[in-house]
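Chemist: Sequence:
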Amino acid sequence: MITRRIALLGLAATAVAAASGCSGSPSDGSGSSSSGGTQGPSAEASPSTIGHRVAVNTGLASGVLPSDDEGALAVSRLVLAEATAVVVVQPAPPTPSAPASPSAGASPSNSASPSAATSPTPAAGGDVAAASATAAALGLPLLIAGPELAAELNRLQTRTVIAYPAAGLDLGDREVVDGPADPAELQVEGLPAETAPATAAALRPRGESVSAATAAILAAAGIALTEVPFTDPRATAESVALVKGATGAVLGVGAFGDSARFAARVEAARTLPELPGGGVAPFPGRMMVALYGHPSGGTLGVLGEQGPEQSVARVKEFAAQYQAFSDVPVIGAFEIITTVASASAGPDGDYSYETPAEQLLPYIEAAEAAGIYCVLDLQPGHTDFLTQAKRYEELLKRPTVGLAIDPEWRLKPGQRHMTIIGQVEVDEVNATGAWLADLVAANNLPPKVVILHQFQQRMIVGRERLDTTRDELQYLVHADGHGNPPLKQATWRNLKEGLPANVWLGWKNFIDEDSPTMTPQETMEDVEPRPNFVSYQ
0 MITRRIALLG
10 LAATAVAAAS
20 GCSGSPSDGS
30 GSSSSGGTQG
40 PSAEASPSTI
50 GHRVAVNTGL
60 ASGVLPSDDE
70 GALAVSRLVL
80 AEATAVVVVQ
90 PAPPTPSAPA
100 SPSAGASPSN
110 SASPSAATSP
120 TPAAGGDVAA
130 ASATAAALGL
140 PLLIAGPELA
150 AELNRLQTRT
160 VIAYPAAGLD
170 LGDREVVDGP
180 ADPAELQVEG
190 LPAETAPATA
200 AALRPRGESV
210 SAATAAILAA
220 AGIALTEVPF
230 TDPRATAESV
240 ALVKGATGAV
250 LGVGAFGDSA
260 RFAARVEAAR
270 TLPELPGGGV
280 APFPGRMMVA
290 LYGHPSGGTL
300 GVLGEQGPEQ
310 SVARVKEFAA
320 QYQAFSDVPV
330 IGAFEIITTV
340 ASASAGPDGD
350 YSYETPAEQL
360 LPYIEAAEAA
370 GIYCVLDLQP
380 GHTDFLTQAK
390 RYEELLKRPT
400 VGLAIDPEWR
410 LKPGQRHMTI
420 IGQVEVDEVN
430 ATGAWLADLV
440 AANNLPPKVV
450 ILHQFQQRMI
460 VGRERLDTTR
470 DELQYLVHAD
480 GHGNPPLKQA
490 TWRNLKEGLP
500 ANVWLGWKNF
510 IDEDSPTMTP
520 QETMEDVEPR
530 PNFVSYQ
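Everything in the sequence shown is counted per numbering that gives the first Met the number 0, starting at 0 for the first residue and increasing by one.
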């Protein structure tokens with residue numbers, strides 16, 4: 000058995016997460032058993048009895064798996080179709096509570112000592128590290144002993160169990176081998192197990208602890224478990240590449256949320272175009288730094304102070320300054336005022352000037368060529384946001400064009416700009432978002448940024464009812480207050496109160512109105528949480 004021992008020594012050094020290549024040749028049939036274990040099959044046994052295999056469920060679908068010990072059997076049920084040999088570890092017994100102190104009137108000598116019959120000593124928990132090493136070396140799943148173990152072994156058609164420890168386990172007529180501390184000492188016919196090549200992949204979010212059993216089950220199935228920085232598989236170029244590299248299911252282990260939503264995000268990562276900076280979803284895998292304004296000139300913001308190509312160069316300089324303080328890619332953005340609040344009613348009487356799309360295109364096309372995101376800002380006056388958004392449907396069909404809703408400039412009948420701060424009902428925001436989400440879905444576009452400009456809570460009435468359930472959109476509340484840093488921070492804190500779930504945050508630096516304008520370092524280090532979007536006006 001020298002050849003087998005050398006092979007096992009090499010395999011034992013392999014980490015559980017790297018066990019996807021653990022197929023091996025059938026046993027040479029020498030058939031000795033480990034000390035303390037059940038005698039293995041004889042050399043005359045047929046290969047179909049001796050050979051062990053692990054098979055993955057053919058119907059395995061993308062979804063979320065639990066990461067803790069309690070969920071390990073569920074992982075086995077979802078992932079494995081068969082495992083004729085497994086490693087089983089017995090959990091550590093619960094820590095016994097301290098015995099009650101004898102009362103003052105009782106003599107210790109009169110207290111009966113507990114007998115072995117009345118207080119059995121539970122078996123010590125198994126050596127998880129040794130069990131994991133054995134599972135990795137032999138290409139086997141690791142299961143945790145419990146009430147449902149026998150049923151799972153029946154489903155898996157398990158014939159051989161390597162147990163840590165074997166004492167106290169009643170597993171019927173199966174071969175039960177006492178697991179050694181060193182897997183190289185183990186001699187069981189038909190191992191390492193044969194495993195078909197894997198087509199699936201598994202992701203775990205950074206910082207998520209994954210139980211040894213779950214890791215071993217995935218490794219035995221040939222499914223590599225890879226760490227990703229976020230719980231959204233669409234978020235980064237790396238996670239999208241992992242998803243695209245798997246021809247089968249993609250499994251999220253741990254805090255990835257709902258299985259159906261995770262599976263839909265996997266499909267999006269596979270099929271949708273990536274955004275500048277990598278990944279399909281705008282956030283959290285990138286930060287955006289934007290120039291705000293209108294193509295007509297510098298009166299309405301810094302974007303119009305120069306032409307499209309010069310704006311590209313300028314915003315890239317800003318983005319580079321922020322990149323020094325960011326752990327995600329920082330890309331440039333243009334926030335283009337698309338409909339402009341007007342002092343006159345105009346031909347349609349809505350007190351809003353709708354910029355022709357052809358005037359916006361030079362900036363949008365320059366941005367697309369340079370890997371810069373665009374956001375169309377709406378200031379609708381007496382009309383509504385949905386009506387104005389539909390005017391720019393063709394522009395919004397572009398993958399890197401999002402939308403901004405600016406309630407300051409949404410007027411009620413009889414109101415005029417600059418005499419009152421406007422506001423919008425959240426139902427109007429939700430209706431606009433639903434239309435845009437449908438447009439994204441119908442045209443196979445990556446999720447769009449939808450900015451909600453605010454500097455007062457009252458500007459969005461009923462904001463707590465904002466519908467953030469559509470994965471086609473990523474809402475971002477943008478704090479627009481200007482002044483000195485303490486005043487801006489007070490506005491920021493106010494807008495964070497009652498923020499709906501799944502909403503990102505943006506910050507605006509005013510070049511002229513702020514006193515002083517915060518530096519990129521101050522913006523990144525003093526604003527909590529760090530904004531996902533920073534614009535300059």
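Calculated directly from the structure, the hints in this document are not laboratory data. Treat the hints with care, since some could be wrong.
Said to hold, decoys possible - Calculated pairs, DSS-like style, for lysine-lysine (alpha carbon to alpha carbon, straight line, at most 27 Å):
| id | residue 1 | residue 2 |
| --- | --- | --- |
| 1 | Lys389 | Lys411 |
| 2 | Lys411 | Lys243 |
| 3 | Lys315 | Lys396 |
None of the values given here were measured: they were computed from a predicted structure.
Chemist: If a hint holds in the structure, say so; if it doesn't, say that too.
Modeler: Here is what the structure says about each hint:
no.: 1; hint: Lys389 <-> Lys411; verdict: holds, 20 Å
no.: 2; hint: Lys411 <-> Lys243; verdict: violated, 49 Å
no.: 3; hint: Lys315 <-> Lys396; verdict: holds, 24 Å
Hint compliance for this structure: hint 2 alone is broken.
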